[in-house]
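*Asks:* If you want the building blocks of each chain, they are given just below.
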Amino acid sequence: MAEVCECLACHIGVTIPDFKLETYEPAKGDFGEISLEALKKNKKWTILFFYPADFTFV
Amino acid sequence: MAAEIITVSTDTKFVHLAWQREEKDLANVKYPMGSDPTGNLARMFGVYDEATGLALRGTFIISPESKLLNAEVNYYNMGRNIDELMRKFKANLYLAKKTDEGCPSKWKEEGDKTLKPSAKLVGRVHEALK
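Going line by line, the protein sequences match chains A and B.
When we follow numbering that gives the first Met the number 0, the leftmost residue of the first sequence carries the number 0, and every step to the right adds one.
When we follow numbering that gives the first Met the number 0, the leftmost residue of the second sequence carries the number 0, and every step to the right adds one.
Bound-form chain A, shown alone:
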């Protein structure tokens, strides 16, 4: 059985609080950081695409 908590997925329409992630950016071949706040400033839509693990199918 998968054990997951009840969170934002059940709350379509809510405002997502700011978050930051360290990234690897293949386009630059370098590490970086991304935040929702920065995307908001650039008026960008955000598509988050979660998957279980690298080196498996996505």
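Just so you know, the hints here were simulated from the structure itself, not pulled from any lab data.
All of these numbers come straight from a predicted model, not from anything done at the bench.
Ideal Cβ positions, reconstructed from N, Cα and C, are used throughout, including at glycine.
Hints should not be assumed to be uniformly reliable.
[What the hints assert, rightly or not] Computed footprint of chain A on chain B; a stretch qualifies when at least three of its residues, placed anywhere within it, have a C-beta under 8 Å from a C-beta of chain A: (1) 14–20; (2) 23–36; (3) 58–67.
For chain A, the structure is supplied; the task is to place chain B on it using the hints.
*Replies:* Only chain B this time, still in chain A's reference frame:
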């Protein structure tokens, strides 16, 4: 594109680099690969599996105003359909401009029939979409 696609797993950015370099299917990847080693972001979105320490296949579309507009979560063993993701994304872009309309299930792109909720439409959706 008007959207930033960010892939997220609990792997570190170092593993993302190694995987992207090794896997030929990822040779043309342009999107940032996000690292969530604590699982905190996955928890926030309800896709963190405490039993395995992995994130389920969750897809979330967030507007430029930080509003969560779509969520889809699949179990480990099922991949996602990118056509459906793009359909939802295009519908969001359209609906952001046309705030008094709705995109029905068969809507695929701008120009396809939409619905305008009104008294006239009640019980007449079939005719409106014909």
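*Asks:* Among all the numbered hints in the text so far, which are the ones the structure does not match?
*Replies:* none
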